[in-house]
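Q: Here are the chains, one letter per residue:
Protein chains: 2
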Amino acid sequence: MRITEIREVDVPLTGAISNAVVSFEHHRVSLVAVVTDVVRSGRPVVGVAFNSIGRHAQGGIMRERMIPRVLGTSPEDLLDPVSGLLDPARVLTAAMRDEKPGGHGDRAAAASAIELACWDALAKIADEPAYATIGRRFGQEPLAAGVPVYAAGGYYRAGEGVAELGAEIRSYLDAGYEAVKIKIGGASLTEDLRRLDGAVTAAGGGHRVAVDANGRFDRATAVQYGKEMAGHDLRWYEEPVDPLDLRGTADLAAEYPGALATGENLFSVPDVVNLLEFGGLRADRDILQMDAGLSYGLTEYAAMVDAMQAHGFDRRAAMPHGGHLINLHIVVGLALGGCEAYPGVFQPFGGYSDRCEVKGGLIVPSDDPGFGLEQKADLAPHIEALVGRA
Amino acid sequence: MRITEIREVDVPLTGAISNAVVSFEHHRVSLVAVVTDVVRSGRPVVGVAFNSIGRHAQGGIMRERMIPRVLGTSPEDLLDPVSGLLDPARVLTAAMRDEKPGGHGDRAAAASAIELACWDALAKIADEPAYATIGRRFGQEPLAAGVPVYAAGGYYRAGEGVAELGAEIRSYLDAGYEAVKIKIGGASLTEDLRRLDGAVTAAGGGHRVAVDANGRFDRATAVQYGKEMAGHDLRWYEEPVDPLDLRGTADLAAEYPGALATGENLFSVPDVVNLLEFGGLRADRDILQMDAGLSYGLTEYAAMVDAMQAHGFDRRAAMPHGGHLINLHIVVGLALGGCEAYPGVFQPFGGYSDRCEVKGGLIVPSDDPGFGLEQKADLAPHIEALVGRA
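Sequence lines, in order, name chains A and B. Numbering follows this note's numbering, with no gaps: position 220 of the first sequence is 220. Numbering follows this note's numbering, with no gaps: position 311 of the second sequence is 311.
Hints should not be assumed to be uniformly reliable.
Note that identical chains are pooled: a pair holds if it fits in a single copy or bridges any two copies.
[As the list claims (entries may be wrong)] Quick list of in silico lysine to aspartate or glutamate cross-link-like pairs, DMTMM-like style, CA-CA up to 20 Å:
no., residue 1, residue 2
1, Lys-359, Glu-5
2, Lys-227, Glu-191
3, Lys-227, Glu-255
4, Lys-359, Asp-174
5, Lys-100, Asp-10
6, Lys-100, Glu-25
7, Lys-359, Glu-178
8, Lys-100, Asp-367
9, Lys-227, Glu-141
10, Lys-100, Asp-218
11, Lys-100, Asp-197
12, Lys-100, Asp-127
Derived by calculation from the structure, the hints in this document are not laboratory data. These numbers come from a predicted model, not from an experiment.
Full structure from sequences and hints, please.
A: Put into C-alpha cells, the structure is as follows:
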C-alpha cells in the first residue's frame with residue numbers, strides 16, 4: 001500500500017465569536033486528504049482529517065515541508081511491517097524529517113492533520129469506525145456505548161447578559177447535555193461572578209458548570225478568581241494562567257481546592273511532562289485537555305496519556321479540547337474521560353454528525369467507517385470538493 | 001510614518017551539512033523587507049531582516065496571518081507616541097492578533113523576521129548602526145569595540161576524521177578566532193572522544209572548545225558523556241538533552257561540574273522562565289543561547305535577558321545561537337556575552353560582512369546603518385531582488 005497524493009485546503013470557521021483572548025472571525029482550519037492506492041467499492045481509500053480547532057490552518061508548513069517529505073519517502077518505509085498497512089507513526093516521522101527538537105507550535109498542528117488522516121484511512125480499509133482501529137492499536141476496550149460530553153459555550157456576545165446566558169444553558173440541557181462550560185476573564189470579576197451565578201442556577205448546580213479563562217489571568221488575578229469561586233463546587237477551573245506558566249499553575253493548585261484543567265495549548269510530550277513534573281496538578285482531581293489535532297496527531301497524544309498515567313493520573317482525567325468527531329473517536333477508542341461539544345459554533349468542523357446521539361449527558365459515536373466526517377452534513381461538501389474524483 | 005508594504009521571500013541555505021539531528025540540505029530562510037514611507041536620499045527606507053538560521057522559512061504564516069494583520073492595523077497604532085516612529089513592540093502585537101497563548105514554534109520565527117526588520121528601519125532612519133538604536137532603547141552602553149566570537153564548526157562530514165577536524169580548527173585560529181565549538185552525538189562515544197581530543201589539541205586547550213549535542217541524548221547518555229568529558233575543562237557542553245527536558249537538564253547540572261549551555265530551541269519568555277525555574281542551571285557558569293530571530297524578535301528577546309537577570313544571571317551569560325549580523329548588533333547593543341560564527345556554512349545568512357573584523361577572538365561591528373545586511377556580499381543580491389525599486 002502507498003500514499004499516492006496528499007491534498008489540503010483551508011476552510012474558514014463560521015460563527016464569529018470571541019473568548020477572553022482571541023476573536024475567531026478570521027480563523028481557518030486545514031482539511032487534509034491522504035489518498036491511497038487501496039481500492040474499496042471501486043474507489044481509492046482516502047483518509048480525511050483536520051487540525052482540530054483554534055490554532056489556524058497550516059497549509060504553508062504542509063505544502064513547503066511535510067507533504068514533500070512524506071511523498072519523497074520510500075512507500076515501504078511508511079508501512080507497519082506486520083500489517084503491511086500505513087503506519088501513522090512512520091508517516092509522522094517522515095513528515096518531521098529535518099525538524100529540530102523543541103518549538104512545538106504550528107508544525108504540530110500541520111503534522112497532526114496528516115497523521116490523523118492516516119488513522120481515518122486505516123479504519124476505512126478495515127471498514128470500521130476509527131475508535132475500533134484506535135482501541136485495537138492501543139490495547140483499549142472502546143467505550144462504544146458512549147462517553148460523557150459537555151456543552152462549551154457561554155461566550156461573551158455584545159448586548160447579551162445573564163438572562164441570555166441562562167437561556168443558552170437551558171437550551172443545552174434540552175438538547176441532552178448535563179454539563180456546560182462558560183468563559184470567564186472577558187469582563188470584570190463582579191460581572192463574571194454574576195454570569196457564573198446565573199449559569200449555576202440555569203444548569204442546576206455548580207457541579208454541572210466549568211469555567212474557562214483561556215490563559216488570560218496573571219497569577220494574582222487567577223488566585224483572586226479562585227478564592228471567589230471556591231465555594232461554587234464547580235466542575236473545573238480551566239486555563240487560569242498562561243499554559244506554560246508552571247509555577248503559577250502550581251501556586252494556584254496549592255490554594256484552589258476544586259479541580260483545575262489545562263493542557264490544550266501544550267503540543268508535545270516534553271511540554272506535558274513538564275506540566276506533570278512541575279505544574280503541581282493533583283492526580284485525584286485535575287483534568288488534562290491536550291488535543292491530538294494540535295499535537296502531531298494520535299501517536300504523540302497516546303504517549304501524552306501514557307505520561308499522565310506514569311504520573312499517577314487515571315486515563316479518564318484526559319478530556320481533550322476540541323469538540324468534534326475526530327476527538328470523539330479518540331476518546332472512545334482510548335477509553336478517556338469525555339468530550340467537549342460547541343453547539344452552534346466553530347462550524348463546519350465543530351460538533352458531531354446527526355448519526356451521533358447526545359442523550360443523558362453522553363455522546364454515542366456512529367458506526368460509520370473512519371471518523372465519519374463524510375456523514376457531517378456541513379462538512380461533507382468541503383470533503384467532496386477536496387477529494388473529488390480521487 | 002507608516003509601513004507601506006511587507007515583502008518576504010525564502011532563500012535556500014548553501015553548504016549542505018548535518019548535525020546530530022537534522023540535515024540542512026533543504027533548509028530555507030525567510031528574508032523580509034518592511035517598506036516605509038520615510039524617505040532618505042530620495043528613496044523609501046526599507047527595514048530588512050531574516051528569521052535567523054535553522055528552523056525553516058515561514059512564508060505561509062507571514063502571508064496568511066501576520067502581514068495582513070500588520071497592514072490592516074491603523075498606522076498610528078504601530079507608532080511609539082513619543083518618537084512618532086515605528087514601535088517594533090506594537091508591530092509585534094499587531095502581527096500576533098488572534099493568536100492563542102502557548103505553542104511557541106514556527107510563528108515565533110515568522111514574527112521575528114518582521115519585528116527585526118523594524119529595528120533595521122529605525123536604525124536606517126537614524127543613520128546609525130542598529131546596535132546604537134538597540135543600546136539606546138534598552139539603556140545599555142553598546143560594546144562597539146567588539147564582542148567575543150567563537151567559530152562553530154566540527155560538523156560530521158562523510159570520509160573525514162580527526163585529522164580534518166584538527167585542520168578545520170587550526171584554520172579558525174588562523175582566521176582570528178580563539179574559541180571553537182564542535183558537534184558530538186553523531187558518532188559513538190569512543191569516536192566522539194577521539195574527535196574531542198583532537199579538537200582540544202588543535203585549539204590549544206579544552207577552555208577553547210565547546211561541544212554541542214543538539215538535544216540528541218537521552219538522560220543516561222547525556223550523563224555518560226558528561227562523566228567522560230568532565231576532565232577536559234571545556235568551554236561548555238551544549239544542548240545535552242531535549243531542549244524542553246527540564247528534569248534531565250537539572251539532573252545533569254547536578255552532576256556535571258563544567259558549564260552547560262542551552263536555550264536556542266526555546267522561543268518565548270514563559271519557556272525561558274521555566275528553564276530558569278526548574279532546569280537547575282547555575283548562574284555562576286551556565287550559558288543561555290536564545291535567539292531573537294527565532295523568538296518573536298528583539299522585544300521578546302530583551303525580556304528573556306531581563307528574566308535571566310531576575311534569576312541571578314549576568315547578561316554576559318547570554319550568548320545567542322545564530323552567528324550573523326543581526327545577532328552581532330543585538331549582542332553589541334544589549335552588552336551580552338558574545339557571538340557565534342559559522343565560517344563557510346549557512347550562507348548567505350551566516351557570518352558577517354567583510355567590514356566586520358575578527359581579531360584576537362573578538363568581532364567588531366561596522367558602522368554601516370542598520371544591521372548592515374546590504375554590506376554582506378553574498379546576501380546583497382537577495383536583498384536587492386526583494387527590495388528592488390521600493
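Q: Now, for every hint given, state plainly whether the structure supports it.
A: Against the structure, the hints come out as follows:
1. Proximity of Lys-359 to Glu-5 under the C-alpha cut-off of 20 Å is found in neither arrangement, the shortest distances being 39 Å within a copy and 54 Å between copies.
2. Proximity of Lys-227 and Glu-191 under a CA criterion of 20 Å is satisfied intra-copy only: 16 Å inside one chain copy versus 59 Å between copies.
3. In this assembly of identical chains, the alpha carbons of Lys-227 and Glu-255 lie at most 20 Å apart only when taken from the same copy (8 Å versus 41 Å across copies).
4. Only within a single protomer do Lys-359 and Asp-174 lie at most 20 Å apart by alpha-carbon distance; the minimum there is 10 Å, versus 77 Å between protomers.
5. For the identical chains of this complex, Lys-100 and Asp-10 are inter-copy neighbours only, at 19 Å across copies versus 26 Å inside a copy, given an alpha-carbon limit of 20 Å.
6. In this homomeric assembly, Lys-100 and Glu-25 come within 20 Å of each other (Cα to Cα) only across copies, at 14 Å, whereas the closest approach inside a single copy is 32 Å.
7. Proximity of Lys-359 to Glu-178 under the C-alpha cut-off of 20 Å is restricted to the intra-copy arrangement: shortest distance 9 Å within a copy versus 72 Å between copies.
8. In this assembly of identical chains, the alpha carbons of Lys-100 and Asp-367 never lie at most 20 Å apart, being 39 Å within a copy and 35 Å across copies at closest.
9. Taking the shortest Cα distances, Lys-227 and Glu-141 never come within 20 Å of each other, neither inside one copy (40 Å) nor across copies (46 Å).
10. Taking the shortest Cα distances, Lys-100 and Asp-218 sit within 20 Å of each other only across copies (15 Å), while inside one copy they are farther apart (31 Å).
11. Within a single copy, Lys-100 and Asp-197 get their C-alpha atoms no closer than 48 Å, and across copies no closer than 27 Å, so neither meets the 20 Å cut-off.
12. Taking the shortest alpha-carbon separations for Lys-100 and Asp-127, neither the intra-copy value of 37 Å nor the inter-copy value of 37 Å comes in at or below 20 Å.
Checked against the numbered hints given earlier, the structure breaks hints 1, 8, 9, 11 and 12 and satisfies all the rest.
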